[in-house]
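According to mature numbering (1 follows the signal peptide of the UniProt record, and there is no 0), the residues represented by the sequence shown are -18 to -1, 1 to 199, in order.
Treat the hints as calculated values from the structure; they're not laboratory data. Predicted model only: the values in this text are computed from it and were never measured.
Restricting the straight-line Cα-Cα distance to at most 27 Å, the calculated cross-link-like pairs of lysine-lysine (DSS-like) are:
#, residue 1, residue 2
1, K58, K163
2, K169, K58
3, K105, K58
4, K105, K169
5, K122, K98
6, K169, K122
7, K163, K105
8, K98, K169
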Amino acid sequence: MKKIYAFALLTATLPMLASCGSVVGALVPPQEITNPAGLTGVTLAPSDELQVESVRGTINYSTSTSNPPASFDDFKFPDNIPFNIRPHGLAFNTGFASATVSGLCSAPQNINVTLKSVSITVKDAVNSATIVQTPTLVLKLTRTAVGVGTASYSIESNALTLSADASTSDAVINVLTTGGKNDASFKAIISADQNSLAGCRLSFTLGNTTATLSNFS
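Could you put the whole structure together from the sequences, leaning on the hints where they help?
Put into structure tokens, the structure is as follows:
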């Protein structure tokens, strides 16, 4: 009779154990990771001069080509996440701290810059994953200083969040937690409302960058 009771108890317990991860995962709050891809404070440099088409260009940064290279190690999940529960939601949060116009052009007092497309790619020796979004974000630049061939700008409306779906989140997290040394790159296609910028270069410095992990199970 004791054996029958023990078997019945085990049979009843197995489904509870199977669902334990999901139940506990739902109780894990979003976890924030500071500067997960080494992007805080980096400069997004233009790949070429701005072109007339309401002045359009591309800005980018990569840890693999920075000087010196800034490849980074895998990160570990916080110790307070139990039962090997893992996140399936990921969002990169950053902001644009400042901007610089360089070259022989007229640097206007105010510039509105629209982010047409933004992507973050992470890779290791084996795998890579990319988050791509088309944000509805207009950066409002105000000139703060002028020098010979250069002008500095402060930025308003500068917060940017790139969110990934579950499959992309899993791919990015896999790269950042396995496989050894990682590299990250940030790329954006921009459009400015001042045609006088044509022929100049427009670069941006990123502010504080974090990643939010969510949807644990």
